[in-house]
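K.L.:
These are the residues of each chain, in order.
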Amino acid sequence: GGSGGGADSGSDTIKIGWIGSLTGDQAVWGKCESQTLQMLIDQKNEEGGILGKQIELIPYDTRGDANEAVNAVKRLVSQDKVVAILGPNASGQALAISAALESAKVADIATVATNPKVTVDDEGNVKPYNYRICFIDPYQGAVCAGYAADKLGYTKAAILYDVASDYSQGFSQFFEETFEAKGGTIVAKEGFKTGDVDFRPQLSKIKAAEPEVILMPYYYKEVALSANQARELGIEATLMGGDGWPSDQLMEMAGDAIEGSYLVNHLDFNDPEVKPLQDAYDEKYGSVLELNGYMVNDAFLLLTAAIEKANTTTDSDAISKALCEVEVKGVTGNIKISPETHNPDGKEAAIVKIENKNYVFQEKYGVN
Amino acid sequence: MSSFLQQVINGLSIGSVYALMAVGYSLVYSIMNFSNFAHGGVIMLGAYIGLYALSLLSLPFVAALVVAAFGAGLIAVVLEKIAYSPLRRRNAPGLYFIISAMGASIFLENFVVATIGPTFRTYPQIFDSKPFMIGDIALGRIDVLMFVISAISLGILMFIIEKTKVGLAIRATSYSAKGSAFMGVNVDWIIFVIFILGGMLAGVAGMLFGMRYTVYPQIGIITNKSFIAAVFGGLGSLPGAVVGSILLGLIETFASVAGYSTYRDLIAFALLILILVVRPTGLMGKATEDKA
Amino acid sequence: MTAVLSLKNVTKKFGGLTAVGDVSFEIEKGEIFGLIGPNGAGKTTIFNLITAVYSLTEGEILFHGNSLIGKQPYQIADCGITRTFQNIRLFKKLSAYENVLIACHKLANYKIIDTVFFRYGKNYQNQERKLHEKTESLLKLMGLWEVRDMTAANLPYGMQRKLEIARALALEPQLLLLDEPAAGMNPEETIHLMELIRQIRDEFDLTVLIIEHHMDLIMGLCDRIFVLNFGKALAQGTPAEIQEDKRVVEAYLGKEDDAHA
Amino acid sequence: MFSWYYISGILILTGINLLTVLGLSLLTGFTGLFSFGHAGFMAIGAYTAATMTMQFHMPLLLALLLGGVVSMLVSLIIGRLTLNLKGDYFCIATLGFGEATRLILDNVQYFGGSRGLPGIPTYENNEYLAIVVFINVLAIVAMVFLIRSRHGRNMVAIREEELASQAIGINVFRYKITSLAISALYAGVAGGLMAHYLGYIQPIMFQLIKSTELTIIVIFGGLGSITGSVIGAIVLTFLPEVLRTFFQWRLVVYGAAVILIMITRPQGLMGGKELNLKAIWRWVKRRRGGAENDSSAIS
Amino acid sequence: MLKVEDLNVYYGGIHALRGVSIDVEQGQIVTIIGSNGAGKSSLLNAISGMIKYNGLIEYENKTLPHHAHKVVKSGICQVPEGRVIFANLTVHENLKMGAYLRNDLKKIQEDFERVYELFPRLKEREKQIAGTLSGGEQQMLAMGRGLMSAPELILLDEPSLGLAPLLINTIFEIILEIKAMGKTILLVEQNAFKALSIADKAYVLEQGQITAQGSASELLKDETIQEAYLGKKNK
Ligand SMILES: Nc1ncnc2c1ncn2[C@@H]1O[C@H](COP(=O)(O)OP(=O)(O)OP(=O)(O)O)[C@@H](O)[C@H]1O
Ligand SMILES: Nc1ncnc2c1ncn2[C@@H]1O[C@H](COP(=O)(O)OP(=O)(O)OP(=O)(O)O)[C@@H](O)[C@H]1O
Ligand SMILES: [Mg+2]
Ligand SMILES: [Mg+2]
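Protein chains in written order, with our numbering: chain W, 197 to 564; chain H, -11 to 280; chain D, 17 to 277; chain P, 144 to 442; chain Z, 317 to 551.
Don't read these hints as lab results, they were simulated from the structure. Treat each hint with caution, since some may be false.
What the hints assert, rightly or not - Listed next, the in silico BS3-like pairs over lysine-lysine satisfying Cα-Cα at most 30 Å (straight line): (1) Lys416(P) with Lys24(D); (2) Lys537(Z) with Lys118(H); (3) Lys422(Z) with Lys443(Z); (4) Lys127(D) with Lys24(D); (5) Lys537(Z) with Lys166(H); (6) Lys153(H) with Lys389(Z).
Stated by the list, open to error - Which residues of chain P face chain H? A partial, calculated answer using Cβ under 8 Å: (7) Tyr232; (8) Ala236; (9) Val395; (10) Tyr397; (11) Met405.
As the list claims (entries may be wrong) - Here are the simulated distance ranges between beta carbons: (12) Ile220(P) with Glu429(Z): 55 to 63 Å; (13) Leu133(H) with Pro468(W): 41 to 49 Å; (14) Lys153(H) with Gln525(Z): 12 to 20 Å; (15) Lys166(H) with Asp420(Z): 54 to 62 Å; (16) Pro468(W) with Gln252(P): 53 to 61 Å; (17) Ile220(P) with Lys45(D): 22 to 30 Å.
Since we're looking at a predicted model, the values are computed, not measured. Note that CB positions come from ideal geometry on N, CA and C, so glycine has one too.
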């Protein structure tokens, strides 16, 4: 095995690692993420690389498993000698790799790991080498609930969530808290388990509770299935969701069913500024960019800025420190990492409505 | 009341998905006496074959279903030749078959991920996606189709197994391949028949599943549920597989109705254990007193 | 002196079929007691009832005057009754040596904890040695020492039967049940086996209950014989009496048969 | 070419897998019972041990032991209910147990639900490796001692032929439950080790695929062989790492490798044989023309 | 009719048959006697194509195929040692399996009746699951099942095993009856005396080799054979 001449620190390339799911049920996102990153790196290399050095990407599959993520990180930091790592796209793996990152003093920028504890520990101390580019579950949940209550004026909400998914559980929990704080009631909260495909029993119950809005805090395959089944059962409530939704696939799978739904996203897909990225990806891989592609784009921008700022291609610790010192304008907004939380500061969520099978940007919306 | 009826229908239709998968699994189990964990993989491939038959070859529905059935049947047979038949020749115990089947299932799933890719795919719309409405109650069209097809395939299989000579030979072989060989049965042929039948069922199940839901490489995971359903009903008993599946569908549904949707599988498992404690061979499995 | 084993009105029904109906007999200590009868008469069923493989429909089985009802098969073995099986049930994939060694387990009493913490203790080592010695002596006794390392399933049929006997003896039983031990043996081997059984009885102070269809063996070996027919008692007596009994001849032995075989 | 930091991490994982596999080997390889629920026992051990060290600041070894014991107690209940089931019925029941355990953990917010439990104390790599090795050595020795005693042999007898085992006075049910309990103890301790290695646990880590992998290792190594289990755990933990550069083809190769080993060597790598000095000596002798019989699983 | 030449069978390292040659002629009863483990069953299994072998086996001047089901198709049926009945099927279904390769429904029906006539016990137990039959009943079933396939050459491996004395006589009568129908029989028996008394020709197999052969009546008188296989001098 090995990736060829790994340990040579005096080489002309600067090495960046990536970890994420290339297999397993998260592979859709992992694949897009790693491909986008490879594309960005190729572009950057054509432009001359960073600090005059070419960039080399070393991506490893974790199949969504925390143990594998730790192995992959250990291999990246000790053997491949990467200066920083991008990914993974799930909180579980991001949480498990902290210790390995710390002992090697290499930074990791998670893409869509939204669990707050990825970057801060239980006592609220920031973890020195864990960063993220996305907003966190409480934020997303709160935005979603706030928008539903304040802007859309709903008072009765139902939740259908994936018990076995950390993302889904976190999201729904914070939605529930905010929505109730704003005076709304959760009329039904039903769960399912990753891998399920039929939600009609839960939806029938939800229907009986007569909500105005149903939160669907999970990924788009389940969104499509549950939205279709909800409509089949004659449920007419508005559907809402988060950053698990945005995908062209969703339109294809559930176009009519999700018409008129709202979702919280990291950006506006129709923003002319993201067009070049979308086109480049489509041209290179012949498929549409998933959300993870946008996220990894910004993570990569942040990283290159930090490397340039630290002015080193070998000192991973310095690069890590520089991550908080730079500010870049990414496709998901202006990105400035807070030194206290290692989360992007003041990033506002984009509220998107689905109209005529299109993700129509409504407004930037933030809470607190 | 109408919501109760709606839930019964929901339960039945979930059950019929499990049933279609469980029958094929149970068929192989009843002959080979091992849990064919690769059955889910074949179902998944069946779903893809059906999808491509419809979208790339633009075949009409029925033709596509036939293609999916035969395609999956072929895959099942090839799988048998590669992964099981060498074991069979050595009279390896059931355990080894299970492991080989697991290897096959890992292989198939990831082979699809690596080649076709991990993306979800949807079937082109063939039937009106609007359900039949009986008053307030929605009855999905594909659900009805699945139910009917499960019933028909069960009927055909039962007829073959119980009434025909091949069926007799199948049952005999299931107990002792050696004994059947002594009687002039071409054991390889019997196994071929079993796997092609099981595979065809998987193909049909996969295609209908894909139409009802969606197509993705991890469809196989859902078949774990149908294995459990088969155990509910009694391993190796085909009617048992169907009864168990319907039962599981209803249990899952009414666990949600009772307000325990987050503990749904737990309730199903608890009932499974309960049933097995009372009837160690499932609802319709044969209980025989061992003779020394 | 109480009987070693007594069956009182023992009945076993399978659905509508009465495999054993109202059978009573007693076996005295040190006896070799024959159980014969046509195929399907219920002989093996009686063994299965004694060893609790089947549960009794009616009646009672006493061992040294104590009821065996409600006991599990392994508890029957604990009491001192062991058996061989008509359809051989050896530990097929293990060697002959291992088959016997396993069966010797009752001669040791160390606990699971001891195996881990007192492995090199004197007590443990002595007990293990005893098991191996016993195994060796049994295999030698049964003439299996030469084939001790062979996998049981690959042994010739006759040897498998002997191995079953060795395994049953390993528990140092008081009552040994043999179900057709000579099946598949030729007359020469049968006679040899007959002597062996007698020798075992004397050496181990055993009581033996034996089912056989080889009349030479039964008549030459048994002190008393019990004849079953259709699950019911047909006759009981010494070999000489049985051989003369018309009903037995008619139902089981056949007329011209005593000439040979 | 491989760095120690990386290798030692895999070695720790190997040790964790091995510990579970040893227990599972007793259950599957020696007693003939097939489990698809051992990830459940690992989970119970992991959550117990983690809670002990986090909430009650218990020393690591004690917490691990406690994790093992709790998992063992649960196994006694499960065993009581399911051990009378035959073959695949038992197997599916254990599958149900494993999934049910995960589902409960998903729902229990005290343990963080499906979001998992972060902040478990971790240890320096080499130090931890030493602990893992130490525990594994103990576990192997204990297991070998057990296997090579009358108790171990009785379990093998049950695997081979239940009725005959009964007939020679073996309390089949008691041995089965003992075997299950010991394997749950091992799995529980291994789960605790995993928790303190990762510093974070999440129910999804203990899903069916984990149980499956463990069983595959046992069979791969060879039923009824401790050596096989050790070799199997090492090979199959390292294999995905060696294949790491194959990206998404990795598991395709893994699946194919499993099939390949089953059809070419269905008895697994070791298949009832043990590798020890005596066996090696015999092998050497045979090579030199001596005609001695194979070494075997027990005695 | 059947010709075996220089047959060798190995089980791993064990050389179970060492260059065995036998000849069986149409309409004859040929018996093979030998002690435990001599290789008798191995010989029958080789003919049936159940195990691997080296050497030539010809049936009606054609080399026998090496697949069990093809051997049966060419008209040879074995009643195997240890019965190998289908324990999960009923008695009747077991017999039906015997006629698996036959399509002459009427004849099959007749044969059913004949088998039930030969073994009334089987008729009584028609619907019983075969696994619960007594040992002897299973032996009858195995024999009956063999007859149901209406073979030209029937290989019997210890057909009297576990049978009551009265039934043993019946079995041998049946064997003679089969012979009278013009069928050929290759018989392996522990009950060497009986076997030799009905056979035309006999072979003695010892440790995988043929050590004696000849007409059955000759062998019956042979002193060494009497001592080795008949147990005692004929009364
Ligand atoms: N579990 C069972 N279910 C139904 N019938 C049974 C069962 N066990 C035995 N029988 C029937 O009970 C009768 C007695 O059987 P058993 O095995 O005791 O006969 P046996 O005297 O040992 O005969 P053999 O000498 O042929 O071995 C037989 O007719 C058999 O078919
Ligand atoms: N599957 C096997 N593997 C290894 N050795 C075997 C196998 N089958 C038979 N043998 C050996 O081959 C030799 C011949 O066995 P076979 O069964 O042909 O003898 P047999 O004459 O039929 O004996 P019996 O009278 O006991 O039935 C024996 O030594 C036996 O141990
Ligand atoms: Mg009997
Ligand atoms: Mg033989």
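K.L.:
Confirm or reject each hint.
P.N.:
Hints versus structure:
no.	hint	verdict
1	Lys416(P) with Lys24(D)	violated (50 Å)
2	Lys537(Z) with Lys118(H)	violated (91 Å)
3	Lys422(Z) with Lys443(Z)	holds (21 Å)
4	Lys127(D) with Lys24(D)	violated (38 Å)
5	Lys537(Z) with Lys166(H)	violated (38 Å)
6	Lys153(H) with Lys389(Z)	holds (16 Å)
7	Tyr232	holds (6 Å)
8	Ala236	holds (6 Å)
9	Val395	holds (5 Å)
10	Tyr397	holds (6 Å)
11	Met405	holds (4 Å)
12	Ile220(P) with Glu429(Z): 55 to 63 Å	holds (57 Å)
13	Leu133(H) with Pro468(W): 41 to 49 Å	holds (46 Å)
14	Lys153(H) with Gln525(Z): 12 to 20 Å	violated (42 Å)
15	Lys166(H) with Asp420(Z): 54 to 62 Å	violated (26 Å)
16	Pro468(W) with Gln252(P): 53 to 61 Å	violated (44 Å)
17	Ile220(P) with Lys45(D): 22 to 30 Å	violated (46 Å)
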